[in-house]
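With these hints in hand, go ahead and build the complete structure from the sequences.
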Amino acid sequence: MQEEELKLQIYVQQNLESRKMILLLLAAFSDKRRSKITDLGNIATAAVKIAGTSAFLNGHLSEFMTIAAQSGNNGQSNIGCIAKDNTNTIDTVKGLGSCGLTQETIDGTGSGKQTLVTEAGFAALGTSKGSTGAAASTPKCALFDADNSGGMENGAQTAGNLAYAAGYLTVTANSATATYKDLTGWSATNTKNAPKPYTKLYHAVNDPSAAELYAEDRPTDLTLSDIQESAQARRLYHMLTTGETTEYKETDAGAAIKSAMEQTYGDASKFKSQTWEQIGRAEVYKDPYASGRKEDTQLSTISDINTLRVSLAYYTEKSQAVAVKRIERLQQKLKADQSLQKSCDTYKTNQTCTKANCR
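If you count by numbering that gives the first Met the number 0, then the sequence shown holds residues 0 to 358, one letter each, in order.
Derived by calculation from the structure, the hints in this document are not laboratory data.
Here a beta-carbon is modelled for each residue, glycine too, at the ideal position from N, C-alpha and C.
Mixed in with the good hints, there may be bad ones.
As the list claims (entries may be wrong) - Below, computed lysine-lysine pairings styled on DSSO-like, alpha-carbon distance capped at 27 Å: (1) K317 with K332; (2) K48 with K195; (3) K48 with K191; (4) K285 with K317; (5) K195 with K128; (6) K83 with K93; (7) K83 with K31; (8) K31 with K19; (9) K128 with K31; (10) K31 with K269; (11) K199 with K128.
What the hints assert, rightly or not - Between beta-carbon pairs, the in silico distance windows are: (12) Q273 with H202: 39 to 49 Å; (13) A259 with G125: 56 to 66 Å; (14) S127 with K83: 13 to 23 Å; (15) A281 with T222: 31 to 41 Å; (16) S224 with T117: 27 to 37 Å.
Listed below in structure tokens is the structure:
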């Protein structure tokens, strides 16, 4: 449950008299979420495309890193073509560690759009080589040294424009000079003839359907119009207003309820001040989640989900206790009324009953 939803429920438990105004937010938000269920097929397809294209590119890059880390001249220490620092290269594949071999896992707890692949391409992959060190030009590296005196082909000269890292860089004929493709500054219609493993992932991430993967609906984004257009909110408003004494019919009551909602909240410009601003100013008792702290604090200052859950449990228990006491008082009153009625029945044949509440 999101932070705002917990705060809303805490406020409802604290202010039962305001439930008509506040509970409609939960109803409308639930409606909004339900409407997105129909989009799950498109969202799932987008997720599969991203997973597939990223795995394909990751496979190319992992293989390249493995080969590059081991492609060194015989007899050299710290052999390979991947810089460790400004003077050394990584010592074969075992030295890669998290640099190229660690498989990333999906984090299901985070939110927000990823930043490595954006609408402008691959943010970190420009035309300049890294600044760690010039490992490719040292005699330790044999992979990029394409001349006839120590490269991968030994005595044979090699062709130019050999592609590495899924096509991100190429090496000039008979030299160790690398040229890097510009994988930044793209647009949906212009990917600068970049290698397909990169463009396929780029288009998958930036597909319009993929935007829903990163969208995060929040109750605080609701407007008065969202409340009015929510069938669930209108039905709940009718129930809270009439006590279900009349049957709700959308065709008969829908328009009238929309108008009544505007009277409840005020016009659209006042909606935030009537709802979320009030909820933010509400105060909660600290002791349930910070034992010994007797002071109150504003809801708006709390962002920890567990703290909010403890507070919600505390105020739910308090409101239930109040409800139980009300029921007990009603039961006692009913019992007293029944006793008086019995007393009246006993005396009514003999004399005029004058006791209070006697009928």
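Here is how each hint holds up against the structure:
1. K317 with K332: holds (23 Å)
2. K48 with K195: Holds: K48 and K195 sit about 14 Å apart, inside 27 Å.
3. K48 with K191: Roughly 22 Å between the alpha carbons, so the hint for K48 and K191 holds.
4. K285 with K317: Roughly 14 Å between the alpha carbons, so the hint for K285 and K317 holds.
5. K195 with K128: holds (21 Å)
6. K83 with K93: holds (12 Å)
7. K83 with K31: violated (51 Å)
8. K31 with K19: Cα-Cα ~19 Å, so holds.
9. K128 with K31: Given pair K128, K31 is violated - Cα atoms ~47 Å apart, limit 27 Å.
10. K31 with K269: Since the Cα atoms of K31 and K269 sit roughly 21 Å apart, the hinted pair holds (cutoff 27 Å).
11. K199 with K128: Given pair K199, K128 holds - Cα atoms ~23 Å apart, limit 27 Å.
12. Q273 with H202: 39 to 49 Å: holds (44 Å)
13. A259 with G125: 56 to 66 Å: With Cβ atoms ~59 Å apart, the hint holds.
14. S127 with K83: 13 to 23 Å: holds (19 Å)
15. A281 with T222: 31 to 41 Å: Since the Cβ atoms of A281 and T222 sit about 21 Å apart, the hinted range of 31 to 41 Å is violated.
16. S224 with T117: 27 to 37 Å: holds (32 Å)
Violated hints for the displayed structure, listed by number in ascending order: 7, 9 and 15.
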